[in-house]
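Undergrad: Using the hints, put the two standalone chains together into the complex.
In order, the protein sequences belong to chains F and X.
Just so we're aligned, residue 1 is where the first sequence starts under my numbering, counting upward by one.
Just so we're aligned, residue 1001 is where the second sequence starts under my numbering, counting upward by one.
Everything labelled a hint here was simulated from the structure, so no lab data went into it.
Nothing false has been slipped in among the hints.
Listed next, the in silico DSBU-like pairs over lysine-lysine satisfying Cα-Cα at most 35 angstroms (straight line):
| hint | chain 1 | residue 1 | chain 2 | residue 2 |
| --- | --- | --- | --- | --- |
| 1 | F | K181 | F | K16 |
| 2 | X | K1029 | F | K79 |
| 3 | F | K27 | X | K1077 |
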Amino acid sequence: MAAAAEQASSHTLHEKSWHEVVLQTLKRNDIRLVPYVPDRVLTTLIRSIHADPFFTCFPTAREEEAVGIISGAWMGGMKGAVLMQTSGFATLANVLASLAIPYQIPLIMFVSERGTLGEFNYGQSLVCRTMRPVLDSLAMEHHTCTRLDEFEFIVDRSIKQAITTQAPVALILSPLLTGGKVFDK
Amino acid sequence: MSTAANTPARNTKVMNRFDLTSRLVAKLKNEEAVIGGIGNTNFDLWAAGHRPQNFYMLGSMGLAFPIALGVALAQPKRRVFALEGDGSLLMQMGCLSTIATLRPDNLTMIVMDNGVYQITGAQPTPAAAASDLVAVAIGCGLSNSAWAADEEDFERLIDLSLSASEPTLIGVRIDDKPGVGVTRRDPVQIRERFMLGMDVREAM
Chain F
1 MAAAAEQASS HTLHEKSWHE VVLQTLKRND IRLVPYVPDR VLTTLIRSIH ADPFFTCFPT
61 AREEEAVGII SGAWMGGMKG AVLMQTSGFA TLANVLASLA IPYQIPLIMF VSERGTLGEF
121 NYGQSLVCRT MRPVLDSLAM EHHTCTRLDE FEFIVDRSIK QAITTQAPVA LILSPLLTGG
181 KVFDK
Chain X
1001 MSTAANTPAR NTKVMNRFDL TSRLVAKLKN EEAVIGGIGN TNFDLWAAGH RPQNFYMLGS
1061 MGLAFPIALG VALAQPKRRV FALEGDGSLL MQMGCLSTIA TLRPDNLTMI VMDNGVYQIT
1121 GAQPTPAAAA SDLVAVAIGC GLSNSAWAAD EEDFERLIDL SLSASEPTLI GVRIDDKPGV
1181 GVTRRDPVQI RERFMLGMDV REAM
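If we strip away everything but chain X, and leave its shape as in the complex, we get (with noise of 0.2 angstroms):
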């Protein structure tokens, strides 16, 4: 059993990580960004299959989020997904309180929570055991944050978030599994692909 799902605050179905990113691509159909932060979480929205509105993060860990919601201040129109692990968020929760602040209303944000990093062997994280990140978002001022019950609640969250009149947090367990992919580190490509896909610049 994972150290997460020893928290008490949570009574949710740990999911796996691929598959609710598979989801999430599944629905996208108007152009809508996706960040995915450092490693295994980016690596999965990779295998989930590669769209131009992807923006793949090779480091600067914890950053998705502030990534994400510099593009939801420059394009208010277009929905804007951020995927972050729980170890990533832990890494720059302050992030938090200045969204909340702004409240970007096409800012979705997803936290794969799974208690341990993962990729460097699967030590549990400083909150595995005590922190529940939702409450956190919640007492940050996102107070359209909630864990998702399971896959089909997942589901349901990221519909209601895209009629959302703030921005909405959305937590998931996940099992320890590795990513299924992984993303090719070419950072200028992937910096310029995102910026064709945000339609801000013309093809060479």
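For reference, chain F alone in the conformation it holds in the complex (with noise of 0.2 angstroms):
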């Protein structure tokens, strides 16, 4: 009773941060390839991932890259997902149509939502426009993450349907869960 007490108090003490939740979560679900385009945002995570030798983490010049090299090792038994921003997202309606979709595969994607809530740079408020309509006309899953305390039921569940129904998910991480990025200057 007292030790629930103390592990009840001690994980109030430490509460996990929301890329410790990727992390933690895609490990859990056997996700060992992370090809990214980074975004300040997701530099913790990044960083992390990096450090850690169960992932095989780079960056890719282009996000239709990365999400090439995420159907090839699928497709040789390696499970991975994508990290981009907003931006890298507006560049995949033709990969996600030609490719992840018709092919059937477990794409997944964590994109972290710039353009929106507190955006200072007007072309990507415009770009983050086009994303949702462009996920809804392929009719694709998307979930937009803004509470830490549902976050790992979303990525865990979301990572598990990907796999399950052979289909691409994106995993919009919103300024109300990480912050986002603000003009500082």
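TA: Here it is in structure tokens:
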């Protein structure tokens, strides 16, 4: 009883951050390959994935290149996920429509959401508006993650659903979850 | 004369895609994976004789090398070949740097260079009259890259790649002939059969 209480209290003291949730949930689901095009919000996550020998993690020149790599790896028996930001997602309509969806690849994407809730770059706010219409026009599963308390559930269930249904999923990381990127000068 | 033939950097024979693809496929004895880029590149791979270890792209132009890289990372003990057209490679040249950095020694990339977008009406690529794609690959850090002088040299470079300690890129100048077959456009079957060929699935 006392031990349980102590455990509960230490759990409260060290609540997992959103990026710890991502790393641990990827690991639990045996997602080992993580190509990415970086984003400021993803910096800590990328650093911690690089530091963990469980993962093969590297930057690619373009997001669709990362999607190609993940697709090949899946067909070779290795699971992966791609990290990117909103403007990177905007480059993916062709590869989603011609590779990931028709070939039934469980492409797992984490998209750091720029363009809303304090955006300072007009181009980012415009390109952000194309993201959900593209996802919806392809009838793709996607979730906007805003709350830490439900984040692990969304990530874990979405990964499992992508793999079992052989369908891509986009997990959009809202500034409400991550803090986002703000104009600092 | 094709535009590619005018590029001064190359002094190599103009070969044929289907012939070279058939020569490659004839060499495969160990269930090697072969990724065929869009259009004529995978049409000729199909025509050279279907194998469960072949993957045919029906879109996503430029991703033959990235897809092959993914297979090579997932299965480091299996040899992976990727066949890509020059126009396709121009769409995704950044992947050469990614591959040069990761250095998978089980990956052999073949660039079929005719200097034109044959399938859309043989319009010259922006690179045709000016760029040397093997030199680009070397510049990206793929030091084990070479133009094949003729068919015999192509086969020699393929053989060498099997024991190379780094990824190999082979450039071949080809004519402007279309592919000799047409791949059956059934993406789910292509993917499932490829996964069976990669030993990651049991047949239903």
